[in-house]
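Peer 1: Residue numbers (numbering that gives the first Met the number 0), protein chains in the order written: chain F, 0 to 451; chain U, 0 to 130; chain P, 0 to 474.
Since the hints were made in silico from the structure, they are not lab data. Incorrect hints may appear among the rest.
Said to hold, decoys possible - Think about it this way: if two alpha-carbon atoms lie no more than 20 Å apart in a straight line, the pair counts; the simulated DMTMM-like pairs of lysine to aspartate or glutamate are:
#: 1; chain 1: U; residue 1: Lys-3; chain 2: P; residue 2: Glu-338
#: 2; chain 1: U; residue 1: Lys-106; chain 2: F; residue 2: Asp-393
#: 3; chain 1: U; residue 1: Lys-71; chain 2: P; residue 2: Asp-354
#: 4; chain 1: F; residue 1: Lys-6; chain 2: P; residue 2: Asp-168
#: 5; chain 1: P; residue 1: Lys-348; chain 2: P; residue 2: Asp-322
#: 6; chain 1: U; residue 1: Lys-74; chain 2: P; residue 2: Asp-346
#: 7; chain 1: U; residue 1: Lys-63; chain 2: U; residue 2: Asp-38
One-letter residues, chain by chain:
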Amino acid sequence: MVDKSLKDMTFEDYCRTVFNTKKRFDKPEVLKGIRAISTTQYILGPSCAAYLAELGAETIKVELPKRGEPMRHTTPFNEPFLYPLSRWMPEKGTGLGFFGANPNEYFLSLDFHKPEAIQIMKRLAAKTDVCCENYRAGTFDRWGIGYRQYAQLNPRLIYQWMGGFGGWGPGRNRASYDILGQAQGGCFSITGWHKEYGGMPSKQTIWIMDYWGGAISAFNVLACLYWRDNVSGKGNFLEYSQVHGAQRHLTDFISLYGKTGIVPQRFGNFEPLLCVHGILKCGKSSYPNSKNPQEQEVGFCLVSAYKDEDFQKLCKMINRADLGKKYPTHADRVGADAQTAIYPELEKFAADKTKEEFDKACKANGILSQPVWNSKEVAANEHWHMRGTLQWLDDPTFGDVLTQGPAYQLSDTPARVRWAFKPVGADNEYILSKLCGYSGSHIAELEQKEII
Amino acid sequence: MPFKDSSLILQCPKCDVINYLDPFTFWNFKGKIKCAGCDVVYEYALQNGHRQAPPKETKGPHDKLPGFAQTKDWKPITTPGKVAAAPQAREDFQGKPIPISKSIRGKVVSGKPLTAADLVGSVPKMFYNGF
Amino acid sequence: MAEKWRTEKKRPTIKVLPWPAIPAPTVDQVYAGVAEKQKEYSLWVESAVRQQFNADKPESLDGIRVLDMTANMEIGHWCSSHFSELGAEVIMVEPPGGDPIRKLTPFGRQEYMFEAKNGEKVGARYLSEARNKFSVTLNLETEQGRALLKKIIPQVDILIENAPPGHYDKLGIGYRQLSEINPRLVYLWVGQRGQWGPLKDDVGNLDPTAQCSMGFTHGTGAPVAFGGTPTRSGWWLCDHVGGTFAAIGAMAALYARERFLGKGQFVECTAAEGVIRIIDYNWAWQGMDGSIRPRYGNWDLAINIYAVNPCADGQIMVGGGHDRLWFRIWRTVGKDKPELEQHICEDPKLRVVTDRLPHYMQVETYTTLCEWTKDKTRNEAETALQEEEVASGGVSFLDEVCEFPHYKYRGHIEIVDDLNFGKVLIGASGFIGMNTPGRIKWVGRTTGQDNEDVYRRLAGLDREGLTAFKKGGVI
Numbered sequence: 000m001v002d003k004s005l006k007d008m009t010f011e012d013y014c015r016t017v018f019n020t021k022k023r024f025d026k027p028e029v030l031k032g033i034r035a036i037s038t039t040q041y042i043l044g045p046s047c048a049a050y051l052a053e054l055g056a057e058t059i060k061v062e063l064p065k066r067g068e069p070m071r072h073t074t075p076f077n078e079p080f081l082y083p084l085s086r087w088m089p090e091k092g093t094g095l096g097f098f099g100a101n102p103n104e105y106f107l108s109l110d111f112h113k114p115e116a117i118q119i120m121k122r123l124a125a126k127t128d129v130c131c132e133n134y135r136a137g138t139f140d141r142w143g144i145g146y147r148q149y150a151q152l153n154p155r156l157i158y159q160w161m162g163g164f165g166g167w168g169p170g171r172n173r174a175s176y177d178i179l180g181q182a183q184g185g186c187f188s189i190t191g192w193h194k195e196y197g198g199m200p201s202k203q204t205i206w207i208m209d210y211w212g213g214a215i216s217a218f219n220v221l222a223c224l225y226w227r228d229n230v231s232g233k234g235n236f237l238e239y240s241q242v243h244g245a246q247r248h249l250t251d252f253i254s255l256y257g258k259t260g261i262v263p264q265r266f267g268n269f270e271p272l273l274c275v276h277g278i279l280k281c282g283k284s285s286y287p288n289s290k291n292p293q294e295q296e297v298g299f300c301l302v303s304a305y306k307d308e309d310f311q312k313l314c315k316m317i318n319r320a321d322l323g324k325k326y327p328t329h330a331d332r333v334g335a336d337a338q339t340a341i342y343p344e345l346e347k348f349a350a351d352k353t354k355e356e357f358d359k360a361c362k363a364n365g366i367l368s369q370p371v372w373n374s375k376e377v378a379a380n381e382h383w384h385m386r387g388t389l390q391w392l393d394d395p396t397f398g399d400v401l402t403q404g405p406a407y408q409l410s411d412t413p414a415r416v417r418w419a420f421k422p423v424g425a426d427n428e429y430i431l432s433k434l435c436g437y438s439g440s441h442i443a444e445l446e447q448k449e450i451i
Numbered sequence: 000m001p002f003k004d005s006s007l008i009l010q011c012p013k014c015d016v017i018n019y020l021d022p023f024t025f026w027n028f029k030g031k032i033k034c035a036g037c038d039v040v041y042e043y044a045l046q047n048g049h050r051q052a053p054p055k056e057t058k059g060p061h062d063k064l065p066g067f068a069q070t071k072d073w074k075p076i077t078t079p080g081k082v083a084a085a086p087q088a089r090e091d092f093q094g095k096p097i098p099i100s101k102s103i104r105g106k107v108v109s110g111k112p113l114t115a116a117d118l119v120g121s122v123p124k125m126f127y128n129g130f
Numbered sequence: 000m001a002e003k004w005r006t007e008k009k010r011p012t013i014k015v016l017p018w019p020a021i022p023a024p025t026v027d028q029v030y031a032g033v034a035e036k037q038k039e040y041s042l043w044v045e046s047a048v049r050q051q052f053n054a055d056k057p058e059s060l061d062g063i064r065v066l067d068m069t070a071n072m073e074i075g076h077w078c079s080s081h082f083s084e085l086g087a088e089v090i091m092v093e094p095p096g097g098d099p100i101r102k103l104t105p106f107g108r109q110e111y112m113f114e115a116k117n118g119e120k121v122g123a124r125y126l127s128e129a130r131n132k133f134s135v136t137l138n139l140e141t142e143q144g145r146a147l148l149k150k151i152i153p154q155v156d157i158l159i160e161n162a163p164p165g166h167y168d169k170l171g172i173g174y175r176q177l178s179e180i181n182p183r184l185v186y187l188w189v190g191q192r193g194q195w196g197p198l199k200d201d202v203g204n205l206d207p208t209a210q211c212s213m214g215f216t217h218g219t220g221a222p223v224a225f226g227g228t229p230t231r232s233g234w235w236l237c238d239h240v241g242g243t244f245a246a247i248g249a250m251a252a253l254y255a256r257e258r259f260l261g262k263g264q265f266v267e268c269t270a271a272e273g274v275i276r277i278i279d280y281n282w283a284w285q286g287m288d289g290s291i292r293p294r295y296g297n298w299d300l301a302i303n304i305y306a307v308n309p310c311a312d313g314q315i316m317v318g319g320g321h322d323r324l325w326f327r328i329w330r331t332v333g334k335d336k337p338e339l340e341q342h343i344c345e346d347p348k349l350r351v352v353t354d355r356l357p358h359y360m361q362v363e364t365y366t367t368l369c370e371w372t373k374d375k376t377r378n379e380a381e382t383a384l385q386e387e388e389v390a391s392g393g394v395s396f397l398d399e400v401c402e403f404p405h406y407k408y409r410g411h412i413e414i415v416d417d418l419n420f421g422k423v424l425i426g427a428s429g430f431i432g433m434n435t436p437g438r439i440k441w442v443g444r445t446t447g448q449d450n451e452d453v454y455r456r457l458a459g460l461d462r463e464g465l466t467a468f469k470k471g472g473v474i
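The shape of chain F in the complex, shown without the other chains (with noise of 0.2 Å):
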């Protein structure tokens, strides 16, 4: 139901009210109540649990005592870090390739090794909706915290296990890890250039099997909460395999392989679909005099005119009606043949231009384009900062940081990002104690032994 003083607005207004980012704090959380353990490492187990933890589940990250987990000792090229490592390792730092995988969460170290931290997983289990673990398949079912174990404390339990090739199967004893993911599911073999244009397999510059692969693990986990509370009462065992995700994502080349047999390759930055739908390389660099080599760089546009009225306009734009005339339907232009032919003279056109005078030349002429944007340029736009996508964050350890939002935007019980992450071990008391009963001097005990 929509308040009364919201009706009247014009639709970008009305967006901008009930999607304020300013107001999320006053709006109540999904997951309020909703306890989440996560025993994960590197980046697909721990951005399950972020997404949840963004929805305001109460998340406890559980990492090996004194060096955390190993994504802490990543960061590119070896030179930014945010100190301390814990309060114990105030001389270390975590390096940002563990940033963004870990928002919001409670911090607790444990060493699985010991019996006593056994008993404390159990405990935390008995009270626990959520467990997201990615250790070896069957580890925590031999060290007796897996999910058979886990069911008979807590039958109401969702256990999302998450890896690489699955618990059962041929491949059951074998690591993996992202790029692996994309690189047996075929994500490398349609990515770049062919290698007649000079071109090799490409990955996809992010973590995205890991990264993607937590986002549908968080989503079977929520569609379970929903079945459990409203439907059956039921906990869960879910098994998410990375190398399957990667292929999920190439079905409709599998489906074509199924038919016709087809091995499909790499065709860079143009679209086997659709044409003109690729990126251009513009002629000139934006920003020549800057020190920056990012910057230095020549420009990248992408242009989007496959309906016919807009190839006509695109060919008028760059004075070549004659193409309009060879070209005149989309079937005439989708072809390969045609499209190795088009587009070196639309980039013809755009030698002597800066991917913005490209931008802007096409905007002129009402046909759809994207200059080729760095982090520099996305981070400056005003955009997302006003979507809450990026933000400053003020962290209560780390400071002035500039982070990622949640992706999405809810109009009434909107994700938000309360922290960045915590040092190792920063919230053992506080978990220990609340959670799992004990005393100070108990606590104190443990970190003696070196157990948390």
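Position chains U and P relative to chain F; hints supplied.
Peer 2: Quick look at chains U and P alone, frame taken from chain F:
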């Protein structure tokens, strides 16, 4: 000369400097490479990562610089003009942890090593106490 | 631009192999020689989640009704696939004549399209995300079409649309108006960059618009120093990621509705913002010292060893993010070439994990590694590394993917015997679970195939009404 017969690792027969020919650039290659140690130019060819012949000393301008080079006792050579340029995120690229105390908009961020005295619990004192 | 591309006219004939060309391994083969205690857990998981038992189990979103009113975009279809795989009734509302995406086929080749029993031809891109969904047609530009939609709305839980910003609001079928009819409605808008904010008018329908506008394309591909350029993903990556986050948003709204809110809400998710959320450390790095993430080819800025490099018959991925794996990898290399292992392991510059990250250290690492992989095929390298439990695998092409024994055994790729399209090879649902697994029941519908069923069932239209609407171009 442990890398006498290696393909992608070109150890200079003259000065023993180890030139790393990164697979990005050199997997399939034919041309002249300049040793980062003694500036001697070698004629060299690689096909699918396999060298076609031992390096042959030659003259004239080089086609490519090695991706990286070091002496046999691991002293790195990264001088511009000796090895290929590194991809850089900034002009003042360092490759080691750099102390940062202000974000790009000038506010305090905890980006440099601390001591135990700088902390209250897990939180840096400057944020715990306010500043 | 290369001249060497073979032309359309000289395309070779391709022999279509049956699938699977090599039979999937059997249970006995997979667990042959494994001790009882070791395989006990695997056998338990297998019995709990194996897809062949799916039909015996309930579906988590059974009874939820979703209207997918998106057209001309992948993100909405991808989003609604999440719901349809988990049992929701998803109805695709297409413009009369069908969603234009139906007609897209690589290079316009008609022989790559799937033909339904009624003769309609549909492209693979559309078919891959039409799983378990119904199809109706509805012209929302007509007054009668909108009236018909409003009649259905009280019975709908989630509505997904991607009209230009504010367009449906102007037509009287935006969230403001529809929530009057059904306050419990979850209304989801999806797009490339947003329906409000300074960029809202720069519309673009399809990836890679989003990829270019959020820094993905700039960061993918080889660096200039290595002769690379910005590169887009080979699939519509932002649409997929954004669609998944859109599904999380809608699912969260649905859960909130049942849990405490009692009403629906307005949800928005875009392709660009989905990937902004997950693009690693780009923003934090930019915020700390003004760094712009450079392209780094198939290597990784933040982890070493963790890369894809060439080998004798293609490319091989090797990964070892921490010390234990680092030494195992070099031990494997040292079995063939001890001088490589020795020189790397004694290098004082490479002692600490983080010290291995600067560019020149990565050049040293990977050049040394390639000195070993150049003599190995993907398979040989993979086998050697797996003996030391190191994560590695070759870059596979689609035929290898479809024939990968692990996928075949686990049912990640399956043949769906569809009522309309016959037998179609397809990537299975990613939702594997013990009690409520995802599943594929059919691959797709022809345009407007369910008009009669849906409009009779939900709007109470009779034969006369249906005919009149059909003639009037409303459905």
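Peer 1: Now, for every hint given, state plainly whether the structure supports it.
Peer 2: Here is how each hint holds up against the structure:
The suggested pairing of Lys-3 (chain U) with Glu-338 (chain P) holds, with an alpha-carbon distance near 11 Å, which does not exceed 20 Å. For the given pair, Lys-106 (chain U) sits about 10 Å from Asp-393 (chain F) by alpha-carbon distance, which is consistent with the 20 Å threshold. The hinted pair formed by Lys-71 (chain U) and Asp-354 (chain P) meets the criterion: a straight-line CA distance of about 19 Å does not exceed 20 Å. For the given pair, Lys-6 (chain F) sits about 11 Å from Asp-168 (chain P) by alpha-carbon distance, which is consistent with the 20 Å threshold.
For the given pair, Lys-348 (chain P) sits about 14 Å from Asp-322 (chain P) by alpha-carbon distance, which is consistent with the 20 Å threshold. Of the pairs offered as hints, the one joining Lys-74 (chain U) and Asp-346 (chain P) holds, with about 9 Å between alpha carbons and a cut-off of 20 Å not exceeded. Taken as a hint, the Lys-63 (chain U) and Asp-38 (chain U) pair is honoured in the structure, with Cα atoms around 12 Å apart against an allowance of 20 Å.
Comparing the model with each earlier hint shows no violations; every hint is respected.
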